[in-house]
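Going by the working numbering, the letters in the sequence shown line up with residues 1 to 441, in that order.
These are calculated hints, taken from the structure and not from any lab test.
For glycine and all other residues, C-beta sits at the position ideal for the given N, C-alpha and C.
Keep in mind that a hint or two might mislead.
The calculated SDA-like cross-link candidates involving lysine to any residue, where the alpha carbons are at most 20 Å apart (straight line), are [said to hold, decoys possible]: (1) 127 / 219; (2) 296 / 363; (3) 296 / 44; (4) 167 / 288.
Pairwise CB distance ranges, derived in the manner of DEER restraints [as the list claims (entries may be wrong)]: (5) 135 / 380: 39 to 45 Å; (6) 181 / 423: 52 to 58 Å; (7) 342 / 402: 41 to 47 Å; (8) 138 / 228: 21 to 27 Å.
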Amino acid sequence: MSETTKAIPMASETSMAARFKRYGIWIVATIILLVAPYIFSSGASITTMCLMGIMIVFALSYNMLLGQTGMLSFGHAVYYGLAAFATAHMMNWVIKTGAPIPLPLIPLAGAAAGLFFGIVFGAVSTKRGGTAFAMISLGLGELVYSSSLILRSFFGGEEGISADRTKLLRFFGYNFGSQIQVYYLIAAWCLLCVILMYAITRTPLGRMCNAVRENPERVEFVGYNPQFVRFIAFALGGLFAGVAGSLAAINIELAQASFVGAAQSGAVLLAAYMGGVAFFVGPILGAIIVTLLSIKLSDFSEIWVLYFGILFITIILFAPYGLSGLLMMHAQFWRGPLSSRIARFGKLFGSYLVAAIPALIMILGAILLIEMIHHIVQKSAEGPMMHFLRSSRFTVNTHTALPWVGGIVALIGGFFAFRMTWPVVAKAWNNALADAQRSGA
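Please model the complete structure; the sequences and the hints are all you need to start from.
Here it is in structure tokens:
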């Protein structure tokens with residue numbers, strides 16, 4: 001009797017631990033979203049976080065196609081942009097008619113628009129997979145973008161369609177005029193969409209999407225239609241992309257032709273690949289980094305898009321699983337006794353620091369050379385003096401040899417010094433791996 005009594009609390013504790021492991025991450029995410037505006041309280045920071053939330057939903061919706069089902073799309077912005085226009089028209093209709101619809105429910109219109117166009121275009125594009133699907137998506141994207149300049153009644157021409165979110169029905173006294181109120185609206189929808197998309201990956205449909213990604217012929221052999229699975233995933237991806245587009249229209253109170261353009265499709269492609277399409281958290285990480293870099297890099301250089309492209313190519317070449325893949329590679333070391341984990345990561349990150357110093361020198365040398373070439377080619381009329389990274393403290397004379405020699409020496413010397421640190425990193429990695437294996441990790 002006593003043994004049975006003792007077993008009951010142990011089972012209860014196990015159940016509590018399982019529940020916390022299952023729901024703890026969502027509780028932590030909710031807390032972070034709630035307190036973030038109080039930690040980063042400036043107007044620019046809140047605006048940036050709003051853009052991050054929108055891009056997270058957009059990137060995860062794209063990953064339902066690429067990472068989950070293996071469909072490379074070059075026109076995913078179509079559903080994002082069309083939903084944004086539908087949202088703007090919906091807001092204007094609500095204002096005109098006085099319909100009792102508050103702003104937090106408006107993204108449902110974007111979701112419906114994204115789902116509708118996902119069904120319409122998905123019925124055509126998902127009949128083929130692989131390269132053919134990618135080309136069809138590209139053609140549909142160009143078709144919609146060219147139509148945005150013709151169908152002025154829906155797209156509004158070059159000016160787009162504007163709307164005033166503050167004129168809608170108040171929601172518990174809030175009119176969403178301030179940016180922090182819009183932030184909490186975007187954060188709530190972002191959290192809801194992330195939970196729903198994660199739940200879909202755990203369903204039989206999500207598993208079947210993975211099977212279609214890996215081997216569509218085998219899926220057909222076991223009695224499923226790969227085209228229908230791709231169609232469902234495509235429609236759901238359009239639905240969540242529609243939510244993202246709707247939030248974007250609410251955020252800036254404007255829907256414009258660039259929302260359906262190739263640049264918007266390229267941005268979500270960059271976010272998904274840089275974060276890593278193999279892991280659910282990858283597009284979230286990529287969306288945060290892409291949004292942050294696109295805002296901050298422009299403060300330092302006019303050719304920030306070039307650095308964006310170089311970073312993307314570097315990640316594709318040397319980290320094909322994205323930044324989340326690099327993080328997941330270290331998860332195996334976070335096991336065993338606490339003292340062993342601390343020692344393991346201490347040695348590993350010590351080797352990373354050794355390699356980071358020459359790598360930073362190499363990168364600075366490359367940036368200096370690129371900026372000087374850009375200054376000579378594009379800004380020769382402004383004279384030889386250049387402000388490096390737009391800093392008044394670092395002025396460079398592009399007509400003298402010293403900056404060029406310094407840039408070349410930093411680039412080449414930094415590369416060879418960085419190359420010499422690779423065995424140090426490899427040794428630290430192997431030692432950490434061996435220690436983890438001895439600890440049973």
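Here is what the structure says about each hint:
1. For the hint linking residue 127 to residue 219, the alpha-carbon distance of about 15 Å falls within 20 Å, and the restraint holds.
2. Restraint check for residue 296 and residue 363: the C-alpha separation of about 18 Å stays at or below 20 Å, so the hint holds.
3. Among the hinted pairs, residue 296 with residue 44 is consistent with the structure: their alpha-carbon atoms are about 11 Å apart, no more than 20 Å.
4. Using a Cα cut-off of 20 Å, the hinted pair residue 167 and residue 288 is violated, with the two alpha carbons roughly 31 Å apart.
5. For the hinted restraint 39 to 45 Å between residue 135 and residue 380, the CB-CB distance of approximately 41 Å keeps it satisfied.
6. Residue 181 and residue 423 have their C-beta atoms about 54 Å apart, which keeps the hinted 52 to 58 Å range intact.
7. Residue 342 and residue 402 have their C-beta atoms about 45 Å apart, which keeps the hinted 41 to 47 Å range intact.
8. Taking the beta carbon of each, residue 138 and residue 228 are about 23 Å apart, inside 21 to 27 Å as hinted.
Hint compliance for this structure: hint 4 is the single one not met.
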